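> What follows is each chain in one-letter form.
Number of protein chains: 2
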Amino acid sequence: MKLYSYFRSSASYRVRIALALKELPFQYEAVHLLKDGGQQLSPAYRRVNPDGIVPTLENGPDVLTQSLAIIEYLDEKYPDPPLLPGDPTDRAYVRSVALQVACEIHPVNNLRVLQYLKKNFGISDEQKSQWYRHWIDVGFGSLEVRLKAERRVRKFAFGDAPTLADICLAPQVWNARRFDIPLDNYPTIKRISDNAFDLDAFRQAEPSGQPDAEG
Amino acid sequence: MKLYSYFRSSASYRVRIALALKELPFQYEAVHLLKDGGQQLSPAYRRVNPDGIVPTLENGPDVLTQSLAIIEYLDEKYPDPPLLPGDPTDRAYVRSVALQVACEIHPVNNLRVLQYLKKNFGISDEQKSQWYRHWIDVGFGSLEVRLKAERRVRKFAFGDAPTLADICLAPQVWNARRFDIPLDNYPTIKRISDNAFDLDAFRQAEPSGQPDAEG
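So the protein lines, in turn, are chains R and G.
For the first sequence, position 22 matches number 22 in the numbering used here, and the numbering has no gaps at all.
For the second sequence, position 183 matches number 183 in the numbering used here, and the numbering has no gaps at all.
No wet-lab data here; the hints were simulated from the structure.
There may be inaccurate statements among the hints.
Stated by the list, open to error - Derived BS3-like pairs (lysine-lysine); straight-line CA-CA distance at most 25 Å: (1) Lys118(R) / Lys35(G); (2) Lys2(G) / Lys119(R); (3) Lys22(R) / Lys118(R); (4) Lys118(G) / Lys2(G); (5) Lys155(G) / Lys22(G); (6) Lys119(R) / Lys22(G); (7) Lys155(R) / Lys190(R); (8) Lys128(R) / Lys118(G); (9) Lys119(G) / Lys128(R); (10) Lys148(G) / Lys35(G); (11) Lys119(R) / Lys148(R); (12) Lys128(G) / Lys77(G); (13) Lys118(G) / Lys148(G); (14) Lys35(G) / Lys77(G); (15) Lys119(R) / Lys119(G); (16) Lys118(R) / Lys2(G); (17) Lys118(R) / Lys128(G); (18) Lys35(R) / Lys22(R); (19) Lys22(G) / Lys128(R); (20) Lys119(G) / Lys77(R).
Quick caveat: nothing in here was measured; it's all calculated off a predicted structure.
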């Protein structure tokens, strides 16, 4: 398998965690989102993934895009350990936590959105930070309410083993920390993600440990 | 089943299509996103869904959030007709099209994001239209490249029956039309979604036919 990835991309980070949890070896192909006007937009990379975003996973003839679709694929092809529970209601819960991060928080704070705000609306660095923090606070705020009241939360978002929910949550927490956003108001999110960061697979996937990591 | 929905919400629209395709009857509970400062933010609705967004589906004791998680749940509980293919590689393809709409286009053009841009950055209506159109053009542009080259595309995004991909695509096309965004550059997207709009289930789910529809 070959993973096209950028060390700081949280969508790439999610797939790296899934691959590590399933102990699937892969070749790391770095795509630098800031160099050369964005290597993800190069014609060469666009031939692999026309969307011009990371990650892309190649597995033999399969070329897969969109982190959540890739992780569900990995879970279906390599079911051990499972990243989703068996019961439809529980699966919907796990997916809803993952999607809350992937649809409500992450896209709005994506690099290309921040670039558009700066270029077209001329926002200041201070306004950019406020924007970034706002969407994390909105998303983590309501997620904390859900998780705190949720009987299925234990060591992780669902029970005592990591699932797709934790795979999406931990990289978003990593992003929040990178931007010095305090997590004091989100004790359940903090506890769950700390438990995740304690696992080898999550540590292995961390941005700082990737071949293209920068200081 | 009870669906908390807003007629113009495209996430609600997706779930309405899935329910209609599976011929599952449901009670429609209107949540007006603009009235009363946003009924989705009321304490009463927040007790149902702490995220303060639509849709929410109640099915007996199950309270389900996030449109894609809801649709996968419906597909697992009521498998006929299937909304995903059987093969993992094909499933990943269908999900990736759905997620490209749900993660790359829709969140950035969401009502609350537009409200933030206006309130905090003071953007004009013209700038708001440009923003809206930009993210549809970026998303549809690369999606058109993928779909045009994709051998699995036939009448719909995957073969000759609608899947999760078309369920996400059609409401986004409906949004684009509402904002007078031309689809000439996206002939495959246009063809597929026109085929979808021809189906009873898609027609039934259209915003204009909902109990809370406005002109």
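> None of the hints should be skipped; say for each whether it holds.
Checked hints:
| no. | hint | verdict |
| --- | --- | --- |
| 1 | Lys118(R) / Lys35(G) | violated, 32 Å |
| 2 | Lys2(G) / Lys119(R) | violated, 44 Å |
| 3 | Lys22(R) / Lys118(R) | violated, 39 Å |
| 4 | Lys118(G) / Lys2(G) | violated, 34 Å |
| 5 | Lys155(G) / Lys22(G) | holds, 19 Å |
| 6 | Lys119(R) / Lys22(G) | violated, 45 Å |
| 7 | Lys155(R) / Lys190(R) | holds, 11 Å |
| 8 | Lys128(R) / Lys118(G) | holds, 15 Å |
| 9 | Lys119(G) / Lys128(R) | holds, 14 Å |
| 10 | Lys148(G) / Lys35(G) | violated, 41 Å |
| 11 | Lys119(R) / Lys148(R) | violated, 39 Å |
| 12 | Lys128(G) / Lys77(G) | violated, 40 Å |
| 13 | Lys118(G) / Lys148(G) | violated, 36 Å |
| 14 | Lys35(G) / Lys77(G) | violated, 34 Å |
| 15 | Lys119(R) / Lys119(G) | holds, 19 Å |
| 16 | Lys118(R) / Lys2(G) | violated, 42 Å |
| 17 | Lys118(R) / Lys128(G) | holds, 15 Å |
| 18 | Lys35(R) / Lys22(R) | violated, 31 Å |
| 19 | Lys22(G) / Lys128(R) | violated, 44 Å |
| 20 | Lys119(G) / Lys77(R) | violated, 47 Å |
The structure fails hints 1, 2, 3, 4, 6, 10, 11, 12, 13, 14, 16, 18, 19, 20 (numbered hints given earlier, in ascending order).
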